[in-house]
Amino acid sequence: MQRTAKLWLLVGLAAYALLPWYMIPGGIWSPDWLATWTTDARPALFWALGGRPWLLAPLVGLLGAGAALVLLRGLAQARALVASGALGLVLMAAQGLAILGNRARFDALEGLTQPGMGAGALLVAAGLLFILTTGISGLGRGRGDAFITGLVGAIVALVGIFVFYPMSFILIRAFELRGGAGLGLSEFLPRFLSPEIWSIACLLGTGYCGAAMNSLLLGLATATGTTVMGLAFALIFTRTAFPAKRFLRVLTILPIITPPFVIGLVLILLFGRSGTITEFFADAFGWEKTRWLYGFWGVWLAQMLSFTPIAFLVLIGVVEGVNPSVEEASQTLDANRWQTFRFVSLPLMRPGLANAFLLGFIESLADFGNPLVLGGNFNVLSTEIYFAIVGTVADPAKAAILSLTLLSMTLGAFLAQRLWLGKKNYATVTGKGDSGQHAGLNPALRWGCYALALPWAVFTLVLYALIMFGSFVKLWGYDHTLTLEHYKRAFGIIVRNGVHLTGAAWDSFLTTLTIAAIAAPLTAAVGLATAYLLVRQKFAGKDAFEFSTMLSFAIPGTVIGVAYVMAFNFPPIELTGTGLILIIVFIFRNMPVGVRGGIAAMSQLDRSLDEASITLGANSATTLRRVILPLMGPAILAALTYSFVRAITSVSAVIFLVSARYNMATSFIVGRVENGEFGIAIAYAAVLIVTMLLAILALQLLIGRRKLRRADRLQTS
Amino acid sequence: MKGSVRFENVTKRFGYVTALKPLSLDIAPGTLVTLLGPSGCGKTTTLRLIAGLESATEGRILIGGQDVTHQSATYRAVSMVFQSYALFPHMTVLENVGYGLMVKGAPKSEVKARAEHGLEQVGLRGFGDRLPSELSGGQQQRVAVARAIVLEPEVLLLDEPLSNLDAKLRRHVREEIRQIQQQLGLTAVYVTHDQEEAMAVSDRIIVMKNAEIAQEGTPQDLYDRPASAFIADFIGDANLLDVEICQAGTPTQVALLDRKLTLPLDSASKGAAKLVLRPHDIRLERIAAPERLLAEVVYAAWLGNTVQYTLATEAGSLFAITPPHAQPFAKGEQVFLDFDLDKLRLVAA
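Line order of the protein sequences matches chains A and B. If you're matching positions, the first sequence starts at 1 in this note's numbering and goes up one per residue. If you're matching positions, the second sequence starts at 1 in this note's numbering and goes up one per residue.
It should be emphasised that the hints constitute simulated quantities derived from the structure, not laboratory data. Built from N, CA and C at the ideal position, the CB exists for glycine as well. There's no promise every hint is true.
Using C-beta positions, here's what the derived DEER-type ranges look like [stated by the list, open to error]: (1) A/R342 x B/T313: 52 to 62 Å; (2) A/R73 x B/K108: 32 to 42 Å; (3) B/L303 x A/R418: 54 to 64 Å; (4) B/D242 x A/R418: 51 to 61 Å.
Computed from the model, here is a short list of chain B residues facing chain A with C-beta under 7 Å [unchecked claim]: (5) S84; (6) V103; (7) P107.
Looking at chain B on its own, in the form it has when it is part of the complex (with noise of 0.2 Å):
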């Protein structure tokens, strides 16, 4: 299938290091994956593994349903944005976007056309007698997407791509890049360490961790039905609560300190697991309830959208944020926290 992207138990090392363990993965044709996870997690290498750029020591790799596992970069039908952006220096704009065409031996007059209209849709018009230097690094940015582009791959590959970007041109930029993609229904990998940008642009993310896949699923799954601690914390930020699963089953009972708790949720067996509680969902009351839990304000930040919390409970420390009050509380003063048990989730312990 033409840009479908598919991995059977890839593997990688180097030397002794084991860059990726055993992988597989599918990718649909047309859609946006991301690969999110720290650095050092093996989402780069796994990139560079689509784009030919490393071999895979073990395992296939197929491209539109083709097998291109010792088939070099060159003859893949895929072209890849730099973190770097890597704009030939030496080259104008115009020559930049037309190489791929002219590497291939278009006529002259057919690449400087495609290049053209590549700048085009990058919304870069007129820059192409231009040096890559003369230009803004969001203007360098787009040139590189334009680059990728003009090829018409099966796959474009985004190497953390906003990553020296400012912070406000990144979502600028990150929704031109959606845009592009949908409009052209190309098939996208992209890689970042930014969660929230991970969110925004995809239709589905695979989280990496210590050279394997955590998990994978749309930007919803992943924050709703978080398979582990590691993605509760990683995908939206999680206080995490030691509790023990005293019936399993559905609906569950868990002991949180000496208090039971019956959850809407389904849980395979008793013992010990984590209980996820997003700050979002914490509320802040000044009046004592049996279900509350007693809690002392240790840091208090006010950001004007939001005011943050750190909290000493007796099950722990947690993170708090919640919606501008008239009253903020002060460092030092007792609360009574509240949350709703159906937004509660489990993961293992």
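Same shape as in the complex, but just chain A (with noise of 0.2 Å):
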């Protein structure tokens, strides 16, 4: 304990003596900031003394360790530590939270300021929080192990600036007060329950819906839909002998690789006002041109087509975990196959249902891509938002009053999966071989299940076909001739003393990429170290833990994205366009991927292995690295290429984050179609498609060898 508590010391020391403590324009990787290392980027230590002297606040933190390291010993050494540490944090805290920029919080600081925190005041809070660690280790917590307690603090000192103190934002702009008299009631109620989000007006047929009652409408069609038609997939795929399993595998990974409102398009393109369909039936039977797709009807179709194959992801898990003794005991028992269905299987996977409801009822809440191309007046919370955001009137307190409308549903949703779902659980995989085989469909039920899903899946498929076909023709519906134009804008290259990039999307193209490569092992990281702490260790609070790390599954983008600009664009920390905003929001929005596959993978490996490695003397990170990691290995590189999938897919929170520095793929996109310019939006998602394509290929291809490599072994010896 002490040795880490020492190191940790000398680390926040130094970073407070040396380091530029505030953020320096160049960034710290950049060696600029050694020319102004005594102006501008002065460290902490430097400025307290020439007149920010709150800046020794953190100094008492880490004198008073120093203090306890030299003087104490013990259980009394332990708890000076922790004193000390949280201490310096909270100080530490306090003076970030009480001179915000360039206004004071309170009267009495009025005329101090000071600019966000940069690498310095990083470290040093680093340094606090790992004393501070160390110490609860020092009393026995966490089996008195410090890596571990050092862990959770890092994790809960992460999801609680990046996820908390955002939405806590959001919940004082929708309560503040005009004028910043305080907060209250009085300005909240009226604009909370005004009709422009409540109003049931077009079940009446009497006007427009409010958008949450737009949200909610469309949220239980959604939910039902892709549930019916999940189950219909899963079905064929696990209980019947459809010759083409594998093809409907491969619809399981479209929607992932899609960048949002790409089926939007396609659907405009089809089925919009001047869309090849339209226009078919037009000339062929003198129907009607309408905007129907403009609405309700447009954004669930694109919803259905968007998430039916994430709940049959869900579903094929349920159906297959049915044990089939199950039914095979209710066949001996004379029951016939339909009734085996009706009476065993499907309420054996009633919880499953309702869990792919659940989760199809808040993806489309949170959805923000198919509204926004195919909304019309058609509102619904997530769009409204972002208007509430960029629209011509920026009105910051109706966002967040919005915000928190769409995060209670949300959130509604998600605490019931939890906590009605998370306690029954029919599923019956024991990890004993069930023998036996499924029952088959009846006839009467397989035929049902292939007329709802094939046409379907055709129809998908059709879908992709006319994405690539898009991308290649002139002007769709009036000039099909073929022409790579559009690529050439975007992607175009002229080889002229050297290589230009010329086209108008390598910019956001390769910002994408990188903010995503980044992004991606971090993420990785931060969700299996997550899993790691769930499944194998033991410590207080643990289930107040893991229910605020996968809370971000639960907040929609577009909430997200407005508590980041509403949190992060003053200081004490001010990281809007920045690169490093973006990489931040992907960690956070998609670590609850990589802690659920951290834990599934996690669960395989028997605790013993573990134990057997801290009992032979290993401590607790060199049985991670040594014991754990190595046999993980496939689930790393599917967080890995997941989290890398979704950075690149990702726009409701983005489209708030990015700047004209930092523009990512899909914002970039967005303004293309918002200029119809149709053809080069369609062409960038045909290669964003094929490089997420690439990326999963290539994920497989070094799973696949790794298995071969076993295989060989045991043939060998």
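Put the complex together from the two separate chains, hints included.
Here it is, written out as structure tokens:
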């Protein structure tokens, strides 16, 4: 314990005395700041001595810890480390939150200013945090393992700063009174209860519904639809002799690698007022061309296409999880196949179906791309939030109130899923080899599933084929001459005196790849570390810890985007306009996926493997590195690819956070769509899809080769 | 003292569940002590507390005279053989055995030499380059033992080490474990739920029940002087008959149904008690005698080396094991039971 605490004390002190405390324009990685080390890039020590005495605050904690290490021993020392670490962190946060950039929060501090915290502050905070957690381990918590308490501390701190801290801004903004007169309900209630949000006029046939009602109706419709379709696909996949099952599997990958609003775009090109199919029916049957696609039905159709594969993925597991012996038992009791399905299998799948339903509901509410492209006058919460921020009249309070509404719906669904379904687990996978075969479907049900699912699968494939086709035609719907024009404009390269990337899309494309490539390993690391703590360690408050790490799954991207804009636009943590904020938002948006994957993979590793390593004298860090990580290779690769791909396709949170310097592919495409440049948008989307397919294929190859190597080994010996 | 283990009022709770009531025990250096009991009795929790894989809720744990209550498993001088062996599947046998030395930073040549020596001790010389998955169950088990002993731990912990082996191999491997333990003079703590296994390997046995110690002693102590009906039944089978002590002291006089028996035993007080009658100590006779108990054969099983009977008597159903005899008794036959009074024991009702 002592060695670890001393190490972090040194780190803290060095950062305090040497590294620039505040954020510096060029960033810490470029050596430019060395030149301004005595002025703008001063470390905290010099600032404190030169007119900003409040920066002595963190030093209190460091010195306290130093004294504890020198003067005290044993439990007293551990307690003193905890106290001084906590004190240092609290004081540091207090000074940061009291003096915000150009203004101070309290009148007494009027006139004091300071920029946002930088590298020095970060390392001092890390030093204080790990002194605190090392002290906690010294008190015998976390089985006395400083690595474990440190890991818990680090993740709690990260989730606190990058999930809870920004979310608190939404709450504050929603309840803030005009003119900064504090918090209260007098502004909030009338705006929150306004018909703009809750009106049910469309159900009564007297006008438009409120955004929240629209979101709710859409969510229910999409969740119902995707669950039914997902079940049909899952039944075909697991209970029939359908010949092209691999092809169905491919369908599950598609939504992951499809940039949002691409589906919406293709739907417009097919069913829009001048869409191909609309034109066809208008010519052939004289049907009137309408704008039916722009509204509830269009968004619903797009969401069905986007989210059915997710329900399929969830329900495959559920349908396979039903113990075949139970079905065989039913059949030996003279039930026919329909009765077996109706009275045995289906009830056992009920929790899984509810799970798929809630997932679909959350996805639909959080969806931003499809309503943005197809919504028309059909307002939903996620797009309304966007327009409240970027519309002609920016209204952050309205955005906050809408965010709060959306958040309470998704959180409600999330809580329902956790509390209600978490306990009731009928899944009957036991780990013992269940012998026996699943009962087949009776013909009526089988043909019902085929009738429902197969046209849908074909429709999905046609859409994707059209994306590729559309990127090569001059102007879809009018001029179907094949051309490379769009690709040239987006990804043109001129080789003359070196290589020049002249295409308009290169900038955002390379930024996207870079940021996704940086975010992916970090996401995987945070996710897997969290999974490790959840599966393998016991510590006080573990349930709350698990809940808070999974929470960001239930926070819609638009809400997180708004929250980040509100929280990180000014000191103490000023990140807007940087590439860093994009990386951070990806890490915490995609972390739950890494956690889930990690939990699944780690649960399959016998716990006694780590215990063996620990009793053999390895510490937890060594155990993680030598035993757990090598055995988790595939899970790590999966988490990596997934977070990479998600970072590329994400739009909802990103659209608030991009800047001229750091533009992302998806927001570039949105811009093109808004300008009506469909060709270039589709060409760009096609390039993204191919890029991500390559990434996934590379992963499959890597995993495949690992398996082969093991097989070789067994054969030779 | 190097190699000793001491618990001082150690308790362990998981939330509201008490896994271990206040428990004190002393394990002398160089002995093999078995924690024996039915599942859920707290024996594995006790073992994991010694290893440092669980931390005590209250109380002190000392290993080799040093307080290790708050020390993590990494730094305790104990190693453990796991029920599942827990061999690292991605490392060779040699890497597995050398793992503990490697993480401690020993030089490569030393790691290799000592790991090879360890393999030799368990009779697996030349198996170092294989993967654990290429070994049989018994070999894997020995690798796990080798991995634990190369660190020369103060205390070797074994968590049901034989439960994944087939019955014949079990007897062989338990003798090997005992030999290695005695050769190296290790203190060993051995967890099992199999009383025969416990009797065969232990210097002392600690029998646990309901999160506390029921009785401890040498195997013979436990068999000859059971402290309770539970021990009498758990260590070797026992028929337990309701009796009334009518005269306490030495000798003791008890009433079994309508007859009085005088036993060469010490007893504290009058009142209800249970008489312990071992199945092997019952003799079945064809001829009636005053002291013999009338019984009817309810079930008879001929097992080759023994014959096992279930008998109905006035005092209740009895289980008896006899050597094979020329004319086994048949179901429904009347027999007369005889037993030596000095082999009977009394336990609290």
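To see whether the hints hold, each was checked on the structure:
{"no.": "1", "hint": "A/R342 x B/T313: 52 to 62 Å", "result": "holds, 56 Å"}
{"no.": "2", "hint": "A/R73 x B/K108: 32 to 42 Å", "result": "holds, 37 Å"}
{"no.": "3", "hint": "B/L303 x A/R418: 54 to 64 Å", "result": "holds, 56 Å"}
{"no.": "4", "hint": "B/D242 x A/R418: 51 to 61 Å", "result": "holds, 54 Å"}
{"no.": "5", "hint": "S84", "result": "holds, 5 Å"}
{"no.": "6", "hint": "V103", "result": "holds, 4 Å"}
{"no.": "7", "hint": "P107", "result": "violated, 16 Å"}
Violated hints amount to a single one, hint 7; each of the other numbered hints is respected by the structure.
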